[in-house]
Every structure is written in structure tokens, then in C-alpha cells.
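Colleague: Okay, here's what each chain looks like letter by letter:
There are 2 protein chains.
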Amino acid sequence: MKVLVVGANGQIGKHLVSFIQESDSLDARAMIRKQEQASFFENLGAETAVVDLEDDIDAIAKAAEGVDAIVFTAGSGPHTGKDKTIMIDLDGAVKTIEAAKVAGVKRFVMVSSFDTTREAIQSAPESFAPYVAAKHYADEWLKRTDLDYTIVQPGALTNDEGKGQVQAAPRVDRGEVPREDVARVIVAALENEKTIGKQFQVVTGNTPIKEAVASV
Amino acid sequence: MKVLVVGANGQIGKHLVSFIQESDSLDARAMIRKQEQASFFENLGAETAVVDLEDDIDAIAKAAEGVDAIVFTAGSGPHTGKDKTIMIDLDGAVKTIEAAKVAGVKRFVMVSSFDTTREAIQSAPESFAPYVAAKHYADEWLKRTDLDYTIVQPGALTNDEGKGQVQAAPRVDRGEVPREDVARVIVAALENEKTIGKQFQVVTGNTPIKEAVASV
Numbered sequence: 001m002k003v004l005v006v007g008a009n010g011q012i013g014k015h016l017v018s019f020i021q022e023s024d025s026l027d028a029r030a031m032i033r034k035q036e037q038a039s040f041f042e043n044l045g046a047e048t049a050v051v052d053l054e055d056d057i058d059a060i061a062k063a064a065e066g067v068d069a070i071v072f073t074a075g076s077g078p079h080t081g082k083d084k085t086i087m088i089d090l091d092g093a094v095k096t097i098e099a100a101k102v103a104g105v106k107r108f109v110m111v112s113s114f115d116t117t118r119e120a121i122q123s124a125p126e127s128f129a130p131y132v133a134a135k136h137y138a139d140e141w142l143k144r145t146d147l148d149y150t151i152v153q154p155g156a157l158t159n160d161e162g163k164g165q166v167q168a169a170p171r172v173d174r175g176e177v178p179r180e181d182v183a184r185v186i187v188a189a190l191e192n193e194k195t196i197g198k199q200f201q202v203v204t205g206n207t208p209i210k211e212a213v214a215s216v
Numbered sequence: 001m002k003v004l005v006v007g008a009n010g011q012i013g014k015h016l017v018s019f020i021q022e023s024d025s026l027d028a029r030a031m032i033r034k035q036e037q038a039s040f041f042e043n044l045g046a047e048t049a050v051v052d053l054e055d056d057i058d059a060i061a062k063a064a065e066g067v068d069a070i071v072f073t074a075g076s077g078p079h080t081g082k083d084k085t086i087m088i089d090l091d092g093a094v095k096t097i098e099a100a101k102v103a104g105v106k107r108f109v110m111v112s113s114f115d116t117t118r119e120a121i122q123s124a125p126e127s128f129a130p131y132v133a134a135k136h137y138a139d140e141w142l143k144r145t146d147l148d149y150t151i152v153q154p155g156a157l158t159n160d161e162g163k164g165q166v167q168a169a170p171r172v173d174r175g176e177v178p179r180e181d182v183a184r185v186i187v188a189a190l191e192n193e194k195t196i197g198k199q200f201q202v203v204t205g206n207t208p209i210k211e212a213v214a215s216v
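As you go down the protein sequences, you meet chains A and B in turn. Counting with full-length UniProt numbering, you get residues 1 to 216 for the letters of the first sequence. Counting with full-length UniProt numbering, you get residues 1 to 216 for the letters of the second sequence.
Because the hints were derived from the structure by calculation, they are not lab data. There's no promise every hint is true.
As the list makes no split between identical chains, a pair holds if one copy fits it or if it spans any two.
[To be verified] With a straight-line cut-off of 30 Å between C-alpha atoms, the simulated BS3-like cross-links for lysine-lysine are:
id : residue 1 : residue 2
1  : K143      : K62
2  : K194      : K84
3  : K163      : K210
4  : K210      : K34
5  : K84       : K163
6  : K101      : K194
7  : K198      : K210
Using the sequences provided together with the hints, build the complete structure.
Modeller: Structure follows, in C-alpha cells:
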């Protein structure tokens, strides 16, 4: 299974491409914004495609040609300029979803935010609400397609070393989770078709990742 | 027909409430953010409802109780902070649409932007693109409901005196249009059921407004 990783140069993205390359059943194509980001991925034996998420759907669809799945893990982050929030976290995600359709790629894993419900938008601190809203509309857009989607909603991201164990379910208590473990959760989701059509939260926990993901 | 005007205190909104109050068949309820904005509308004989568009759907639905139509003409404007673009132009619009459903209001007139297509997002100047994207997703959300919607897409807004004549069609050449004429177009749309399910651009022109709106 070849997987296009959109946002490969991000912190989760780099872990993810590494784990995909380690997997026997998966191969990565890293979608990156700049050619100078390519060597990291080439050293892992991954393909690269240089596309800016602010380019049009056709450019993204071209990067997705021939892959079996797409992971969207790009993010402007909650603290970048608010114009990027709508252009990357919402519009970049929607363009990637539309590109999946154009390229005929059915499988789509979205890395979302812990809680993207209407209630979460309303209760978010003012500086964070635009980010939650952008992720909300991206998730909504995806759910209204007929793609084979999985929506992964990680807790507060840390750079701690991965523990290999998480708690994953539609609703879990708020908590932290290492980016490395989120990347492993994405791999587990790609490798388990039972996650299709599922949306689940994930925080650090005591269940081995494959098992936790299989139970959602 | 009682009409809730969301964004009543804006420049188009003030014209609109005036024209609604002048009409024999329509009455306005002005949704405003602050109590001190009420006197302008009370002097026109209009009802008022004080609700912030950043409040929740239920607050907006309460303001919409008992009305027959809603006009969304609120806007952060293309040059306000980008966080407001997503929170007002997109999320405020979607919450108003959802509030219409909660309150059982079928008729909905959206004041959109001249061109909210995917192509328009891609070709917009970088500072303007977030606004176009926000309006795009708000329009898309509305079109996917079963509300009796009309989407009005005015050209470049001016404060010139209304001419009473416009050009209106799904696609017209780019041009200016006085806010006063846009307000009259909204009234004409409310008064003409043939505009239900229609989306049209409007610029200044040579056709009397009622006639132009009837032809879209």
C-alpha cells in the first residue's frame, strides 16, 4: 500500500514516514513544500512530491497519482497567522480530500484535533477557536464524502518518546500523547480496515497501539 | 412576512431594515450585537434582538423565533483580523443557518461575495483569499441544506446613492454596486419566490431592480 503523507515535513509527518518505511506492507510518498526538505525522506527510501498546499486541487491530485491512501497531517498549528488557519487547516484539507477523489484514492486518514464539535468551538479560548473551527469544517467535509475515511483526534501533543501504548475511543478523557505514538496510531489505522468510517480520540494509555486501534 | 436581519448594524443592514420597514408586506427584526445600537432600528419601528454572532446556535435561534425569513448580511469585512473571518463570515453564517433549522425558518437570503468559487479562492490576492474561502464554505453549507435559500453575490460595494437599476444573473462582468441597491435587491428577492434555490451576481446596471431579480 502506497501512502501519500500530506504535511510530511511536520513533526508527526516525519515520524509517520519513518514508520511507514519500516513497515513491510506500506510505502510512503512524502508531500513537501520545498525541494530542500526532500533529502530527509530520500534517506528513508521514500518518494517525494513537491507541492504547496496553497496550490490548486490538480497539483495535489498529481502528487496523489497511483497511491492507495492519503494521510493529511499538515497543519498551520494553532499559533500561526489566522489567515493560514483557514487556508491550510481548512482549505488545504478540503483540497486534499477533493484531490483524493480526482486521483481515485479511496482511503483517507485525517489527523484532526482532539475535539472538533460545535460545543468545542463555542467553549474554546478566543485565540484557539479559529483553529478548532477550521478543523471542524474539514472533518465535516470529509464525513460528507464517500471516501473510506478515518479521523484521528489526538490529545495535547508532546515530543516525549513514544510509549507504544495509548487509549483510543470515540470519547476519552483529555490528556497528552507523544507525536511518535500518534504516528504509530496512523500506521495502525492504515493497516486495519475496521477503522474505516471511524472517528476516535487518542491519548497516552496502557493498551498496545494496534490493539487500541482495533477496538475503536 | 417578518424578517430577521443578521448584521443589521452594518452598512447594507441599515439600508435593508429601512426598506423592509417601508414595504407593505415585510417587517424587520434587527439582530444587533449591542443594546446601544437599538435606537436606530426602534426609530424605524423595527423590533430588535441583541445577540452576538459568536454566541451559540440556540441564542441565534431564539432571536429567529417567529420570523418567516432570515437575511445574513453580517461580515467581518475582508480587512478585519483573520480570526474574525473564520469566526464571523464562516462560523457565524453556519450557526445562523443551523439556527434557522432550529427555529423552523425555511427562507434564507445569504449576502455572499461576488465570486466564491474554488477558482476565486485560488486566484484571490493572498490577503483576500481567507475571506473568499470563508464565504465559499458558508455558501456551500447553505446549498447543502433544504432551506429555501437565495445567495446574493454583489460586486464591489460602494456608498454611492442607489440607482434603482442593476444587472443580475448567475454570471455578470465584474463591477461596482451601491450598498443601497444591494439592500433593494435583497427585498426584491424576499418578495419573489422564484429566487428560491438561486445564486446570482449583481452589479449596477440598467434594469429596474424588481425586474432584474425576477429574471435570475
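Colleague: Decide, hint by hint, whether the structure agrees.
Modeller: Hint check results:
no. : hint         : in the structure
1   : K143 to K62  : both (23 Å within a copy, 29 Å between copies)
2   : K194 to K84  : neither (33 Å within a copy, 39 Å between copies)
3   : K163 to K210 : within (13 Å within a copy, 67 Å between copies)
4   : K210 to K34  : neither (33 Å within a copy, 53 Å between copies)
5   : K84 to K163  : neither (32 Å within a copy, 39 Å between copies)
6   : K101 to K194 : within (21 Å within a copy, 34 Å between copies)
7   : K198 to K210 : within (15 Å within a copy, 50 Å between copies)
Of the numbered hints listed earlier, those contradicted by the structure are 2, 4, 5.
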